[in-house]
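Using the UniProt record's numbering, the first residue of the sequence shown is number 1, and each one after it goes up by one.
Honestly, the hints are just simulated from the structure, not real lab data. One or more of the hints may lead you astray.
Pairwise CB distance ranges, derived in the manner of DEER restraints [said to hold, decoys possible]:
{"id": "1", "residue 1": "N79", "residue 2": "C149", "range": "43 to 51 Å"}
{"id": "2", "residue 1": "N48", "residue 2": "T92", "range": "22 to 30 Å"}
{"id": "3", "residue 1": "Y2", "residue 2": "K143", "range": "16 to 24 Å"}
{"id": "4", "residue 1": "L53", "residue 2": "S89", "range": "17 to 25 Å"}
{"id": "5", "residue 1": "N150", "residue 2": "K120", "range": "44 to 52 Å"}
{"id": "6", "residue 1": "Y132", "residue 2": "N72", "range": "42 to 50 Å"}
{"id": "7", "residue 1": "V8", "residue 2": "T92", "range": "25 to 33 Å"}
{"id": "8", "residue 1": "V88", "residue 2": "I140", "range": "22 to 30 Å"}
{"id": "9", "residue 1": "I59", "residue 2": "T157", "range": "50 to 58 Å"}
{"id": "10", "residue 1": "D86", "residue 2": "T5", "range": "30 to 38 Å"}
Ideal Cβ positions, reconstructed from N, Cα and C, are used throughout, including at glycine.
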Amino acid sequence: EYKFTRPVGSQPGKAYGLLKIHKDGVPLRPVISACGTFNYKLSKLLVNKLKHLQASPTIVIDTFKFVKELQNIKLNTTNIKMLSFDIVSLFTRVPLACTIDLILDKMYGPTHTCSFSELKRADWCSKCQHRYELKWLLDISTKDSHFICNEKLYCQTEGIAMGSPLGPLLVDIYINYLESKL
1 EYKFTRPVGS QPGKAYGLLK IHKDGVPLRP VISACGTFNY KLSKLLVNKL
51 KHLQASPTIV IDTFKFVKEL QNIKLNTTNI KMLSFDIVSL FTRVPLACTI
101 DLILDKMYGP THTCSFSELK RADWCSKCQH RYELKWLLDI STKDSHFICN
151 EKLYCQTEGI AMGSPLGPLL VDIYINYLES KL
């Protein structure tokens, strides 16, 4: 796995825009192509390792399956309303620190006392060591994403870039968390 994730010949992401033709005024959806960035391969590996955390009955991956499920529901439809929410700038508004903590809690449970005590990291329990290492890898994969737009170098400091392999996973985990609080 190390050979797969090792960055070789990396470059900053490239920003581009997709037209939102279904919206008034046809705004742009900013996307940062992460292919070839220093953390792209690591992000892909993390998605593969963490995708089981994405599962939720409220996530629709296949619209055809969703329509079929709706057609099979036998309810009194006069009292039912379906809602759909559009979150503006969803990817860039995902709080990374909170979402990473949600992932760590799902993987390893709440924070253990090892990391808050006077113990050296080498003396921590394996659970705390693994939690620390995964946090470190997630931080590398998500924070301070560099990209080029109009031949200028920028750094995204908030949220996750649309175009990052980890983007959909982190968004789903955070939205699942918000839905659980309703």
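Hint check results:
1. N79 <-> C149: 43 to 51 Å: holds (49 Å)
2. N48 <-> T92: 22 to 30 Å: holds (24 Å)
3. Y2 <-> K143: 16 to 24 Å: Given range 16 to 24 Å: holds, Cβ gap about 21 Å.
4. L53 <-> S89: 17 to 25 Å: holds (23 Å)
5. N150 <-> K120: 44 to 52 Å: Since N150 and K120 have Cβ atoms about 47 Å apart, the given range 44 to 52 Å holds.
6. Y132 <-> N72: 42 to 50 Å: Holds, at about 46 Å.
7. V8 <-> T92: 25 to 33 Å: holds (28 Å)
8. V88 <-> I140: 22 to 30 Å: holds (28 Å)
9. I59 <-> T157: 50 to 58 Å: violated (27 Å)
10. D86 <-> T5: 30 to 38 Å: holds (35 Å)
Checked against the numbered hints given earlier, this structure breaks only hint 9.
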